[in-house]
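Protein chains: 2
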Amino acid sequence: MTVSTASITRVPGFRAVGVTCGIKQSGNPDLALVLAEQPCAAAAVFTQDIFKAAPVLYDIDLLKRTGGRLQAVVINAGNANAITGEQGRRDAEHMARLTEAACGLPADSAFVMSTGVIGHRLPMAKIESGIRQAAELIRTDAGTQGCDAVRAIMTTDLAPKEAFAQTMIGDRPVRIGGMVKGSGMIHPNMATLLGVIATDAAIEPAPLAELLRDVVGKTFNRVTVDGDTSTNDTLLLLASGQAGRAPVTTAQSSELESFSKALTDLCIDLAKAIARDGEGATKLIEITIRGAATETEAETAAKTVATSPLFKAAMFGNDPNWGRALAAIGRSGARVDPVQTSLWVGDYHLVEHGEPVVFDVVAAHDWLAKQSEVRLVADLGVGQSEATVWTCDFSYKYVEINAEYHT
Amino acid sequence: MTVSTASITRVPGFRAVGVTCGIKQSGNPDLALVLAEQPCAAAAVFTQDIFKAAPVLYDIDLLKRTGGRLQAVVINAGNANAITGEQGRRDAEHMARLTEAACGLPADSAFVMSTGVIGHRLPMAKIESGIRQAAELIRTDAGTQGCDAVRAIMTTDLAPKEAFAQTMIGDRPVRIGGMVKGSGMIHPNMATLLGVIATDAAIEPAPLAELLRDVVGKTFNRVTVDGDTSTNDTLLLLASGQAGRAPVTTAQSSELESFSKALTDLCIDLAKAIARDGEGATKLIEITIRGAATETEAETAAKTVATSPLFKAAMFGNDPNWGRALAAIGRSGARVDPVQTSLWVGDYHLVEHGEPVVFDVVAAHDWLAKQSEVRLVADLGVGQSEATVWTCDFSYKYVEINAEYHT
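Listed in order, the protein sequences are those of chains H and F.
Take the first sequence: its letter number 290 is residue 290 in this note's numbering, and every next letter is one higher.
Take the second sequence: its letter number 399 is residue 399 in this note's numbering, and every next letter is one higher.
Hints are computed from structural coordinates only; laboratory data are not their basis.
It cannot be assumed that every hint is accurate.
It does not matter which identical chain is used: a pair holds within one copy or between any two.
DMTMM-like mimics (lysine to aspartate or glutamate), calculated; alpha carbons at most 25 angstroms apart, straight line [what the hints assert, rightly or not]:
1) Lys218 - Asp265
2) Lys397 - Asp366
3) Lys370 - Glu400
4) Lys370 - Glu204
5) Lys272 - Glu386
6) Lys218 - Glu404
7) Lys126 - Asp360
8) Lys64 - Asp337
9) Lys370 - Asp214
10) Lys24 - Asp148
11) Lys126 - Asp148
12) Lys126 - Glu355
13) Lys261 - Asp214
14) Lys370 - Glu404
15) Lys24 - Glu37
16) Lys24 - Glu257
17) Lys218 - Glu37
18) Lys261 - Glu100
19) Lys24 - Glu355
20) Lys272 - Asp108
21) Lys64 - Glu400
22) Lys126 - Glu136
23) Lys261 - Glu355
24) Lys218 - Glu257
25) Lys24 - Asp360
26) Lys272 - Glu255
Quick caveat, the model's predicted, so the values are computed rather than measured.
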C-alpha cells in the first residue's frame, strides 16, 4: 500500500477541494467538498455517544431515506454543530441543501460532517460562502485540490492523514482512497472521528455497509488517544462503481476477499496515523494482548492499558513502567491468570509467568527515548485470543492543547 | 466534625509512630506503625484489581484466619511489594512476623500495607530496622508521633490526610480517627488507596465489615484522580471497644445510626482530601449527576466525566467547556434524554433542556480561575436518582509527576 497526498482524488470519478471560509480563527482552510461524477453506493458508521451531533442525526436519517446512495460530501472544521438543539438540526439540513444547490444535484445527494468546538451555532453565512467557493473551484479544477480538502478538515491535527490502495475485485483492478482527521477526543465507539473513503469498486450499499462495520471494528475502533468519544465521529465509504463490472451484492462474496484485506490495511494505516498524531504525542504505542479468553476481553484489556494516564505518562517519560500496564490489565475486567502473565516492551522481556524479570532499567530507558514507535505485548495466560490497539503517549502538550483550546 | 493532626492517636487506646528506614530516596519518613492497647475488631476492604499486591493477599487471608481480630498495623511507603511473585508473598508475611515480634504480640496480630513502586522486591533489611525503630519509639512514647505516621505513608501526596470525629453509640460517646494516603493511581474499586480508621466503639467484626462496605461504596469508591486502580488499595477499620458497653452485634442496630453517619462524613472528608491533593491538582471538582434512571447509572455518568482527560484539562485551563462533560456522559452508558438534559457549573446555568444557554464566557473563565473547588451538576432528565463523585483537574504537573516517577 502506498500513501500519498490527495488520495481520494486518485480514485477515478472523485474530486475534492478545500477552501477557507473563516470558521477557524487561524485562517486555515476549513471547508471541504468531495464530489463524485455519479451517484455512489454509500455506507457509514457513526458515534455511539448519546449526544450525537446535528450532522450525525441528519446523516443517519439521510442514509435511511436514500437506501445508501450519495454523490457529495461537505465537511466543515472549527465548529462541531453538536449539542446545538433544534437550530443545529436545521443548520445541518440547510448545509446539505446549499451543497446540493451549488453542485446542481437533486435533494438528498449530500452528506454533512462537522468537527470542532461543541455547543456553538454554525456560522451559516460563512458556511454558505464556503460551499459556493468550493463548488466553483471543483467545477473549474479537475480535483488537484484534494490535498487542500484533507487540510480543511483538520482541527488540532498536526499532520494530514491519507491513504491509498489498489486491489482487485474478480478480474477488475479497483482503487481505494481515504482521508481522516482526529487528534483529541479520540476513542471511537463503533465508528470514528471524521473520515471519507472513496473507491471505484462496484459494491451494493448493503454489502458495503456490512463490510465497513467489520473493518471498522478491527481498525478505527481500536485506536484511542484519550478515552474520550466524540459527539461527531463519522466514517463514510463511497463506492462509485466506475471500475466496471456488475456490482457485488453480498459481503460474503469470495470476490471481496482481496478488497476486504486492502480496505482493512488502509484503515489500520489511517488509524495508526491518528494515534501517531494524537494531541501532544511523541510516540505511537501498539498494545497487543494475547493469551486472552476471548477477542473481546483481549480488546478490553488492551484499551484499558491504552487509556491509562499513568501508563501513557510513563511512556512519555521513557520509563519501562510495566507495573502500570499490568495494574490496568488487572482492573480491565478481562480474565487473567496472574501467575501465568508475561509482558514485553520492544525486545525487553519484563515479566515472565507473573515474576518480574531483572533487566537493565537505564538501557531500557535510553532505548525508549530513541523510539517513535513502541510495541507492548502482554500474554494473559488464559486462552488463545488476541487483539491489538493503537494509542500514543501522554505529554505536557496534551494538557496544554486541551487547557488552551477554549470554548 | 473536626480535622486535626495525629487523629488516630486521639482515639483512646491507639498509638502510632512514623520512622525513616531508607526506603524512600528522599529521606522522608517511610514506615508507620499503629498499635492498639488490646486486640480490636477489624474489617477491611481491598482493591479489586486482579494483580493484588502481596500484602493485600496476606491481609485477606489474615482476616479470614483471625475472624477479624487484630492489634497492630505496619505500613511502608516507597515500595508497593506488588507483582513481586512468590518472594513478595514471603516478604509480606515476614513483615508481619517482624512486627509481631518487635511489639511482643502473638502471631496473626499484625496487618501489613505497602505503597510505592510496583515490581521491586521489598528491601527487607531496611524494613526490619524500621520496624524495630518504630516498636522502640512506640514503647517509649505515648503516641505523640501520630502525625509522623501519617507522613510516613505518603508517596506523591503533598499533604497528610487525616480526620477525627466524635459521636455516640447508645449512651456512650465514641471517637473515630482516620488517616489515608493517595494522590495518583486513584480510582478505587470496592476499596481505596491506603487508609487506617480507628475507633474506640465496641462493634463486633461482622457488623463492622458490613458497615465499612456500605460507607466505602458512597465515599472512597466515589473519588478518582486518574481512573487508574491501584494494586494495593486497602482501607482498614479497627474498633477497640474501649469506649465500653457490650459490643454491637448487628449492622442493622438502631444504635449505629449516629456512628454510621459520623463514619460516612469522616470518609467523605478523607476522600475529598485525596481528590484535592490529586497529583498535580489545582482544583477539587465535585460532580453531581441527578435525574438519572438509577443511582448506579448516576455514579457511572459522574465517574465518566470525572475521568475524562479532556474535561479535566479544560478545568485546569479554567474553560467552562460543558460540551466535553456532556460528550462524556453520552458515552457513559447511562440512560440520558438529550433534549431534557440540563447542566450547571457553579452558578452558571450552561445547558437547559438540551439547548446551550448564552452566557458570558469571559466572566465564567475568570470566575473558574479563582476557584479551588468547582461543582458541576447535570440533570439527565430520565429519573429521580443521583450520585456525587469527587475528582481534580488535569495539569502539566500530573504528567511531570508520572513521567518522572521512574521505576
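Earlier hints that do not hold, by number: 4, 6, 9, 15, 16, 17, 18, 20, 21, 23, 26
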